[in-house]
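Trainee: Sequences listed follow chains C and S, in order. Going by this note's numbering, the first residue of the first sequence is number 1296, and it counts up by one from there. Going by this note's numbering, the first residue of the second sequence is number 175, and it counts up by one from there.
Everything labelled a hint here was simulated from the structure, so no lab data went into it. Hints are not guaranteed to be accurate.
Said to hold, decoys possible - Here are the computed distance ranges between Cβ atoms for each label pair:
id: 1; chain 1: S; residue 1: H236; chain 2: C; residue 2: G1500; range: 55 to 65 Å
id: 2; chain 1: S; residue 1: E250; chain 2: C; residue 2: V1325; range: 41 to 51 Å
id: 3; chain 1: S; residue 1: P211; chain 2: C; residue 2: V1597; range: 36 to 46 Å
id: 4; chain 1: S; residue 1: L212; chain 2: C; residue 2: L1447; range: 23 to 33 Å
id: 5; chain 1: S; residue 1: T203; chain 2: C; residue 2: G1557; range: 48 to 58 Å
Claimed, not checked - Facing chain S, a subset of chain C residues (Cβ under 8 Å, in silico):
id: 6; residue: V1501
id: 7; residue: H1649
id: 8; residue: I1656
id: 9; residue: G1679
id: 10; residue: S1681
id: 11; residue: G1712
Heads up, the beta-carbon is just placed ideally off N, CA and C, and yes, glycines get one too.
Residue strings, one per chain:
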Amino acid sequence: MTTKPAAVEQALVLDTEHIRADFPALHQEVHGKPLVYLDNAATTQKPRAVIDAVRSFYERDCANIHRGVHALSQRATVAFEQARTTVKKHLGAADSREIVFTRGATESINLVAASFVRPRLQAGDEVLISTMEHHSNIVPWQLLCEERGAHLKVIPIDDNGDVILDEYEKLLSDRTRIVGIVHVSNALGTVNPVRQMVEMAHARGVPVLVDGAQAVPHLTVDVRELGCDFYVFSGHKVYGPTGIGVLYGKRAHLLKMVPYQGGGDMILSVTFAKTTFNEPPHRFEAGTPNIEGAIGLATALVYVDGFGMDAVAAHEDELLSRATAAVLEVPGVRLIGTARRKASVLSFVMEGIHPHDIGTILDAEGVAVRAGHHCAQPVMARYGVSATVRASFGLYNRPEEIGALVEGLHRVREVFG
Amino acid sequence: MSDLRELYQEVILDHNRRPRNCYVMDCATRTADGHNPLCGDTVKVYLRIEDGIIEEISFQGHGCAICTASTSLMTESVKGKTVTEAKEIFEGFHDMLTGVAAEQGVELGKLQVFEGVREYPVRVKCATLAWHTLNAAMNGNDDEKVTTE
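Sequences and hints are given; from them, build the entire structure.
Mentor: Okay, structure coming up:
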């Protein structure tokens, strides 16, 4: 989308009335007002299908996986491995064995840092990330660089919130061991030109990890088209349960990687003298995993694929376009993040009024937004603010809710005179 | 939820717009830095304590209306008080916000305007950040960064 006010409103793609019927949590009042949930970048509400899938696992199929010979264990194992196949298809991966289940995007990044980058990171080497990374794609690298005497380099962004590709090109050096780049910024909404950035890194022989936590819920993602080496996301931001996430890794990489954690399920044989590790992805899934989480996540992906991610993206782009125009009509509003291409996220500040106060007043009106630094303090510093208000849209949001947001902002101005 | 006006009372809005004692004090005898990692609010409190009396107090920082007004009103309420008295006011203020032993008899005066914050649990830390920072400064923990966590 463009961030300029749309001249003509496009028709909305999704039938939100039917979709909203699938989400029990949306039908409630907050402080006596109907809930307007615009905090989807933090987490999404869950459709009935996901809630039922998790419930059904516990009511019928609850057993441990990969070991039992009994019926329940076999059903649970099949469901868990089918979930892996569903994720593979959703991401356009070549092979289910490239899908590792983790606790979330954060753990996936930590896994790559520990098992892929750490063994090859020498003193003086470099890790390259961007200014707009979430703390989860900063801190694991910082810890690793500190341990290894390596350097964390940062790709600058321009005032709109686009990465400066010329600077990126210059920062790619023969000491760069990995590039970590966010696909869609949670703080600015920027959709990064990931495919191009991967090509540029690969031209130098540098592998790339893409943080897709905010992209998977809002865009069609095809890891083979992007060409990235690793892609990570969290289930709960794409209408699935919390505590489940995914690491996609090219099979050639995963096969060479050392284990992340030791324990059950990640081994082939154990003696006190030597342990033989299991093949990927099991090598990286020590201990009993979040079985119902994986099943719930797969159900969520099937749910969104029922609409088609292109349709979801078009629907949300139209909402974002209308919301951007509407919010800019409110006096004193300044957008933080006006990138060429954006998805779902509308981040802004109001002159003289702190985002937390705005958040509290909007909450009193039933409007749930995020107010804060969005776990992206370096990008807040880049814009010289300590916090922003962030409204973020999901597939169930409708134009009336933009109206409620704008009314809420006028109420903020009233309270603050 | 109670009315927003209970939270954003006129006194609070006024102190947010025009914070009192908001300057860098060159002759401070004690300082402390406070930080709320959840929202990024920061405050630095400067004290000039002579013979156990807070002769001068000022602050710098940035935060929400509740945080800024609370800091501003705090400086007014403890100026000229002894360190012991200031600590008693802090305790009384803290008790009011957490709903503990509300009628213990500490004279809170204008600070009563923050009573409404009690209804907004996530905002209580906004109102107490400055006080925790003041407390650290009075205790002489200059090097210790105060956080609300």
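Trainee: Return holds or violated for the Cβ distance of S:P211 and C:V1597 against the range 36 to 46 Å.
Mentor: holds, 38 Å
Trainee: Just to be careful: measuring from the Cβ of C:H1649 to every Cβ in chain S, is the smallest value less than 8 Å?
Mentor: Cβ of C:H1649 sits 4 Å from chain S, so the hint holds.
Trainee: Determine whether the Cβ-Cβ distance between S:L212 and C:L1447 falls within the hinted range of 23 to 33 Å.
Mentor: holds, 25 Å
Trainee: Does the closest beta carbon of chain S sit nearer than 8 Å to the beta carbon of C:I1656?
Mentor: holds, 6 Å
Trainee: Would you say the C-beta atoms of S:T203 and C:G1557 sit inside 48 to 58 Å of each other?
Mentor: Between S:T203 and C:G1557, where Cβ atoms are some 55 Å apart, the hint holds.
Trainee: Quick one, is the C:V1501 hint okay against chain S at 8 Å, beta carbons?
Mentor: violated, 33 Å
Trainee: Could you say whether the range 41 to 51 Å given as a hint is met by the Cβ separation of S:E250 and C:V1325?
Mentor: violated, 36 Å
Trainee: Quick check on the hint: C:S1681 CB to chain S CB, less than 8 Å?
Mentor: holds, 4 Å
Trainee: The hint names C:G1712 as touching chain S; please verify it with the least Cβ-Cβ distance against 8 Å.
Mentor: holds, 7 Å
Trainee: Under the criterion of a CB-CB separation shorter than 8 Å, is C:G1679 in contact with chain S as hinted?
Mentor: Violated, because the Cβ-Cβ distance from C:G1679 to chain S comes to roughly 11 Å (cut-off 8 Å).
Trainee: State, for the Cβ atoms of S:H236 and C:G1500, whether the hinted interval 55 to 65 Å holds or is violated.
Mentor: violated, 45 Å
The structure fails to meet hints 1, 2, 6, 9 from the earlier list, while all remaining hints are met.
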